[in-house]
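Please build the complete structure, drawing on both the sequences and the hints.
When you line the sequence shown up against our numbering, it's residues 468 to 615, in that order.
These aren't lab readings, by the way, just hints derived from the structure by calculation. A quick note: this is a predicted structure, and the numbers were derived from the prediction, not measured. Heads up, the beta-carbon is just placed ideally off N, CA and C, and yes, glycines get one too. One thing to keep in mind: the hints can contain errors.
Pairwise CB distance ranges (calculated) [said to hold, decoys possible]: (1) Gly606 with Arg476: 41 to 47 angstroms; (2) Lys563 with Gly479: 23 to 29 angstroms; (3) Gly607 with Leu471: 36 to 42 angstroms; (4) Asp558 with Trp584: 33 to 39 angstroms; (5) Glu575 with Asn496: 42 to 48 angstroms; (6) Ser590 with His544: 17 to 23 angstroms; (7) Arg562 with Leu471: 27 to 33 angstroms.
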Amino acid sequence: MNSLDEIGRADGWRCWLCDAAVDPDMSVNDPRGPSIDSRTTRSKAKKKAKPVEPRLAHRGCNTGKGATEAVVPWADHLFVVDPVPIIPAVDRLSRKGGREIFARCPDEVDAKEAVEWLVDRVSRLDPDLTVTAEIEPGGGQYMIALRA
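Here it is, written out as structure tokens:
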């Protein structure tokens with residue numbers, strides 16, 4: 468799968484970084500236009516990291532990550548405390564399986580909303596990874612975890 472159109476269709480024309488829609492008809496020179504991202508930074512490429520399936524990204528999102536690690540932001544409407552960086556946690560779950568704590572929430576309603584968003588986001592970030600969500604009460608807060 469090499470063409471922009473094939474990758475765009477496979478990713479549902481959504482940027483894997485910011486999760487916003489990508490317009491397939493926009494110029495590839497526009498920051499909101501489509502581009503192919505390898506999920507590998509220049510520093511990782513020098514270390515000969517294993518190749519990763521190409522993903523669809525906005526040109527601006529792809530260019531913005533440059534030599535730094537890509538960051539998938541948590542949704543602004545969620546009330547989470549101490550959220551972990553999503554990509555490294557998902558990569559660990561994908562490689563090793565097991566369980567990862569992703570964040571804490573002050574109440575169960577916030578935790579349920581965050582879990583619903585997180586499971587949906589992870590399903591688009593790594594479609595081959597099947598996760599189950601766990602919400603654990605304790606100490607007046609709710610821990611959000613995913614298990615692979």
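Okay, the hints, checked on the actual structure:
At roughly 46 angstroms, the beta-carbon separation of Gly606 and Arg476 lies within the given 41 to 47 angstroms, and the hint holds. In this structure the hint that Lys563 and Gly479 lie 23 to 29 angstroms apart at CB holds, the actual value being about 27 angstroms. With their beta carbons about 49 angstroms apart, Gly607 and Leu471 fall outside the hinted range of 36 to 42 angstroms. Hint check: Asp558 to Trp584, Cβ distance near 19 angstroms, so the stated range 33 to 39 angstroms is violated.
In this structure the supplied range 42 to 48 angstroms holds for Glu575 paired with Asn496, their Cβ-Cβ distance being about 47 angstroms. In this structure the supplied range 17 to 23 angstroms holds for Ser590 paired with His544, their Cβ-Cβ distance being about 19 angstroms. Take Arg562 and Leu471: their Cβ atoms lie about 28 angstroms apart, and the range 27 to 33 angstroms holds.
Of the numbered hints stated above, those contradicted by the structure are hints 3 and 4, listed in ascending order.
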